[in-house]
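These are the residues of each chain, in order.
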Amino acid sequence: MTTVLAPVGGAAVGLAAVPDPVFSAGMVGPGTAIDPCRGPGEAVAPIAGKIMKLHPHAYVIVGDDGKGVLVRLGIDTVQLRGEGFRLLAAEGDRVRAGQPVVAWDPSLVEAGGRSPVCPVVALDAPAASVRCVAAGRVRAGDRLFRWL
Amino acid sequence: MPERRVTVVAEVGLHARPAATFVKAAAKAPMDITVARASGDGTPINGKSILQILALDVKQDETIVIKAEGEGADAVLDELAGIAGSP
Numbered sequence: 000m001t002t003v004l005a006p007v008g009g010a011a012v013g014l015a016a017v018p019d020p021v022f023s024a025g026m027v028g029p030g031t032a033i034d035p036c037r038g039p040g041e042a043v044a045p046i047a048g049k050i051m052k053l054h055p056h057a058y059v060i061v062g063d064d065g066k067g068v069l070v071r072l073g074i075d076t077v078q079l080r081g082e083g084f085r086l087l088a089a090e091g092d093r094v095r096a097g098q099p100v101v102a103w104d105p106s107l108v109e110a111g112g113r114s115p116v117c118p119v120v121a122l123d124a125p126a127a128s129v130r131c132v133a134a135g136r137v138r139a140g141d142r143l144f145r146w147l
Numbered sequence: 000m001p002e003r004r005v006t007v008v009a010e011v012g013l014h015a016r017p018a019a020t021f022v023k024a025a026a027k028a029p030m031d032i033t034v035a036r037a038s039g040d041g042t043p044i045n046g047k048s049i050l051q052i053l054a055l056d057v058k059q060d061e062t063i064v065i066k067a068e069g070e071g072a073d074a075v076l077d078e079l080a081g082i083a084g085s086p
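Listed in order, the protein sequences are those of chains A and B.
Numbering that gives the first Met the number 0 puts the first residue of the first sequence at 0, with every later residue one more than the last.
Numbering that gives the first Met the number 0 puts the first residue of the second sequence at 0, with every later residue one more than the last.
In short, the hints are calculated from the structure, not lab data.
All figures in this text were calculated on a predicted structure; none of them were measured in a lab.
The beta-carbon is built from N, C-alpha and C at its ideal position, and this holds for glycine as well.
Check each hint, because a few of them may be wrong.
A partial selection of chain B residues facing chain A, derived with a Cβ cut-off under 10 angstroms [what the hints assert, rightly or not]:
| id | residue |
| --- | --- |
| 1 | V11 |
| 2 | A15 |
| 3 | V22 |
Among chain A residues calculated to face chain B with C-beta under 10 angstroms, some are [claimed, not checked]:
| id | residue |
| --- | --- |
| 4 | M0 |
| 5 | V27 |
| 6 | L122 |
| 7 | D123 |
With the rest of the complex left out, here is chain A (with noise of 0.2 angstroms):
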């Protein structure tokens, strides 16, 4: 069994409260959305493993057990190419549960037009895999879920 952390502090408002179909309707994934705290801070990593994939709107991190959970930093925030995101990390990188990869600031995200909630997905998964998910009010590194 994996513990998911919550990547940002927040809400923790579930998968169907994303403004983007591909999410909200599961098909990435099963695991819930974050509507992040406004204002400069650092997303982390919600499992401990290896930054599979590190772009400045999104990661992936692998579990030794070979899970990987992706946290997407808001929507269509691709479309910024990076302004705005810094990485705290590298791909590739091991890290600990709750450790810092990306800083960023949702309000930028939210002023330029675009969505700042944050989709933590379990790749791959069953949907049925995923419960305990936490609602309401969480900061970074809480627990957000289980992945059986």
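With chain A fixed as given, assemble chain B onto it according to the hints.
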């Protein structure tokens, strides 16, 4: 083995919606599906895994090779090639 070579034209590459749609369709196929970059080392990955598709990191204008074998493989490959090649 039947295969299709497709150039990914979507601006986001084989990510986000194209990736999720591709894997959803691949997962329904009864046979194994592999995807590899047409250039470089071309190591095939499991086309039914969103994790492996995201790891492959196919960008716009890159060409991939999709392979499948068995009954109905051509229909499956046509559908997957259509998804991967959609703008």
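Verification of the supplied hints:
1. Interface restraint check for V11 of chain B: the shortest CB-CB distance to chain A comes to about 6 angstroms, inside 10 angstroms, so the restraint holds.
2. Of the supplied interface hints, the one on A15 of chain B holds, with its beta-carbon coming within about 6 angstroms of a beta-carbon of chain A, less than 10 angstroms.
3. At its closest, the beta carbon of V22 of chain B sits 8 angstroms from a beta carbon of chain A; the interface hint therefore holds under the 10 angstroms criterion.
4. The interface hint given for M0 of chain A is broken, as the beta carbon of that residue sits about 18 angstroms from the closest beta carbon of chain B, more than 10 angstroms.
5. A cut of 10 angstroms between beta carbons decides the hint on V27 of chain A: the least distance to chain B is about 5 angstroms, and the hint holds.
6. Satisfaction of the interface hint for L122 of chain A is found here, the shortest Cβ-Cβ separation to chain B being roughly 4 angstroms, below the 10 angstroms cut-off.
7. Proximity of D123 of chain A to chain B holds as hinted, the smallest CB-CB distance being about 5 angstroms (cut-off 10 angstroms).
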